[in-house]
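Whenever a hint applies, use it, and build me the whole structure from the sequences.
Those protein sequences? They're chains A and B, same order as listed.
Going by the working numbering, 93 is the number at position 102 of the first sequence; the sequence numbering is gapless.
Going by the working numbering, 489 is the number at position 436 of the second sequence; the sequence numbering is gapless.
These are calculated hints, taken from the structure and not from any lab test.
The C-beta atom is built at its ideal place from N, Cα and C for all residues, glycine as well.
Be aware that one or more of the hints could be misleading.
Claimed, not checked - FRET-style restraints, in silico, Cβ to Cβ:
1) I185(B) to R54(A): 43 to 51 Å
2) Y102(A) to A140(B): 28 to 36 Å
3) K126(B) to A9(A): 53 to 61 Å
4) G114(B) to S77(A): 27 to 35 Å
5) A140(B) to P28(A): 37 to 45 Å
6) G152(A) to E401(B): 41 to 49 Å
7) Q24(A) to L186(B): 50 to 58 Å
8) G128(A) to S195(B): 38 to 46 Å
9) G87(A) to I184(B): 33 to 41 Å
10) A5(A) to I184(B): 53 to 61 Å
11) A99(B) to G152(A): 39 to 47 Å
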Amino acid sequence: MKTVAVVTVGAVAAEVLAEIELCLGRHFGLESQRLAPLGEPEFAWEPARQQYSVIAIMRELLRFCPPQAVRLLALTEKDLFIPMLSFVFGQAQLNGTLAIVSLARLRQEFYQLPANPPLLLARACKETVHEMGHTFGLTHCLERKCPMSLSTTIQQVDGKGENFCANCTIVLRESLQLLRSPDMLRTEEQP
Amino acid sequence: MKMPWEILVVDDEEVMRESLAAWLREDGFVVDTAAAGAEAVAKARAKDYAIYFVDLKMPGGMDGIETMMEIRKLHAEAAIIIITAYATVDTAITAMKEGAQEYIVKPCNPSEISLLVNRIIKVKNLQRENIILRKKLTRHYSFHDIISKHPRMLDLFALIRDIASLRSTVLIHGESGTGKELIARAIHYSGHRAERPFIGVSCAALAETLLESELFGHEKGAFTGAVAQKKGKFELAEGGTIFLDEIGDISPKLQMDLLRVLQERSFYRVGGSDEIHVDVRVIAASHVDLQEAVQRGTFRDDLFYRLNVINIHIPPLRERREDIPLLARHFVERLSHELGKEVDDLTEGALRVLLDYEWPGNVRELENAVERAMVTCRARVLTEEDFAFLNHNKPERRGWVPPANMSLEEVEKQVIVATLQRTQGNIKEAAATLGIDRSTLYDRIKKYNIPR
Ligand SMILES: [Zn+2]
Ligand SMILES: [Zn+2]
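What follows is the structure in C-alpha cells.
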C-alpha cells in the first residue's frame, strides 16, 4: 500500500491536519499515514529575518520519511523563507519526496483580519495540492484556476481552485500510474 | 517540439544559488548553476542561456560585473539579471549601465522573480517567433534561390516564368556577383527543359582555341593533344540550356562561330566535317554593356541582336538595399546548416552595418561576408563586431574635394573617371549616376581622352 506520510513541524491545529488528509485522498487517491509530531524547528530560526529557513527544515525532514511512504508532507504554522525570497507559502522537491506547506500566511490574522476557519482550510488544501503536485513532476501552470498556477500573494491563492486543470491531470495521472504499476504487475503474475 | 528556455544562476553562496534554482525549476525552466564567475563564463561558452542571474558580490577572481561583461561578449542578446543585497543597490544601478537588463534585491518578493522572468521570456518568445516568421518571409520572396522583394526583381521573377518555356535566346546583364547564373538556372528549371541538362561555360576563363573545343568539341587528332574525340558543351546540352557567361570577352572568330550556331542551330566539331544539329537554348551573360561594346566595335552587332532577343538586367545590390536583410538572413539560415553552427539571426546593429556598405561585389560579396562572420562569431546572433572587417574595405564615402588650383574641366574629367571606375566601365550606369545622357558622356570621354 502506497501512503503519504504526514508530519507536523511545531504545533498545528488538529482540524487542519484532518482536512489535509482528506484532501490528499481526494486529489491523489493516496492513503495518509500520520507520523509523530515534530517539535519546534529552532535550528531553522533566522533571527535577522524573524523567519524559518525552509531549506534547513527540509534537510532535517528527509531523515523522517518512513520506507513504506512514497511522499512526506510536512505542515507547519511557521513563516518560511528561502534566501532569495522574502517568504514562501510552501516548498517541494520537484519530482522528489518532500513537500512542506506553511499555514502562517494562509491565515486571515496574518493580514490583520478576523480569523476565518473555512477559508483557512480551503487555502491549506490548495497549497497542499500545489506542493504535492510538484513532487509528482508538475511545474507551474498558466491556467489561473488550476492549483498548480503560481501564487505569490494570498489573493492569487484565493483566485484558484483545488481541482487540477486538464493538462495537469494528464501529467499527474502518468506519475501516479508509474507509482502503482509495480503493484499491478504483481497482481497479473498471480494465477 | 518547443525548445525549453535555459537559465544560468551564478552565485558563490550555495543556499542562495540552490534556492533560486529550485524556485525557477518549479516554474518549469531548465536551470544550471555556477559557483564562480569563471565557471559561469565557461558554461556560457558551451551553451546559450536565455537568462543569466548573476550575484553582484562574489569574492576572488571575478565579481558579478566582470562576469556579466564576459557573458555579454559571448552573447550580445542575453538577458542578464544582477542579484544584489539591499546595501549595494547603487552598484546594481551601475551594473545596469554596463549592460545588465534588470537587477533584483534579495530577499525579493516571490512575485518579483516570476514576473521578471515571465516578462523576459515573453520578449524572447516573440523574438523567436519573429525569426520563424522572417524565415517564412524569405521563402515567400525566393524564386529558385534568388531572393528579393525589390519590385524590379519581382517583375523579373514574373518575366522568367513567362519566358521559361520559350527557346528564345536571353541576354542577362548585371555586375559581377549579382547572380546571373542563378537567373539562367531559374529560366532553365522553370521551363520544360528542366529535365534536360543545364550547362554553364565561363567564356572569360579560357583561351580562344581551348574555348572553341570546349564549346564545339573536337575530332581525334584535330590538334596536338586531341588524342580522342570529345563532345562539346553544345552537344552535351542537347535538349537543354547552355549558359555562356562573360560572353563579352570572346574573340571575333568565336563570335562568328556562335552567330552561326544561333542562326543555323548547327556546327562542326573542331577538325570535323560532320554538321551537328542541336536543339539548345542559349542564355548569355555579361557584366559589361554589350551595346556599348558594339558601339566601340569590339562586339559583332549581328551577334548582339541574335543574343538580345530577351534582355534581362539585374540591378546591383546597392540599388535594392531592402533585399540586404532578407538575403543576409537567408545566408545565415543556410550557412548555419552547412557550417553546423547554431546562429539564428543578426542584430539590428549588424544589419545597419550591412545596409551602410556599398557591396561592390554584390550578392556574392554579401554571402562571403556572412560566411566569414559566421565562422568567427561565438554567439547565436551576428553582431556589428562580427562584421567589423567590412569597415576596412569600405570605399571612401567622404565627398570628393578638389584641390584649390584645379580647373573646372579637370574637375569634370576626374569625376567622370571616378564614376566609370565605380561602374566598371558601364556607360549607361555612369551616365545615369552623373545625370547626363549617354551621348554626352561619350562626348566627354572623347574630349578628355579618358582611357577605358
Ligand atoms: Zn509552486
Ligand atoms: Zn494546471
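Quick one: are G87(A) and I184(B) within 33 to 41 Å, going by C-beta?
With Cβ atoms ~36 Å apart, the hint holds.
Can the suggested window of 39 to 47 Å be confirmed for the beta-carbon pair A99(B) and G152(A)?
holds, 43 Å
43 to 51 Å as the expected CB spacing between R54(A) and I185(B), which holds or is violated
holds, 50 Å
Is 27 to 35 Å respected by the C-beta to C-beta distance linking G114(B) and S77(A)?
Since the Cβ atoms of G114(B) and S77(A) sit about 30 Å apart, the hinted range of 27 to 35 Å holds.
Between the beta carbons of Q24(A) and L186(B), is the distance compatible with 50 to 58 Å?
holds, 55 Å
Please test the hint of 37 to 45 Å on the beta carbon pair from A140(B) and P28(A).
For P28(A) against A140(B), whose Cβ atoms are near 40 Å apart, the range 37 to 45 Å holds.
Beta-carbon spacing of K126(B) to A9(A) - inside the hinted bounds 53 to 61 Å or not:
holds, 59 Å
Look at the Cβ atoms of G128(A) and S195(B) and judge whether their distance stays inside 38 to 46 Å.
At 44 Å between Cβs, range holds.
Distance restraint hint 53 to 61 Å, applied to the beta-carbon atoms of A5(A) and I184(B)
holds, 57 Å
Distance restraint hint 28 to 36 Å, applied to the beta-carbon atoms of Y102(A) and A140(B):
Given range 28 to 36 Å: holds, Cβ gap about 29 Å.
Quick check: does the Cβ-Cβ distance between G152(A) and E401(B) fall within 41 to 49 Å?
holds, 45 Å
Comparing the model with each numbered hint stated earlier shows that all of them hold.
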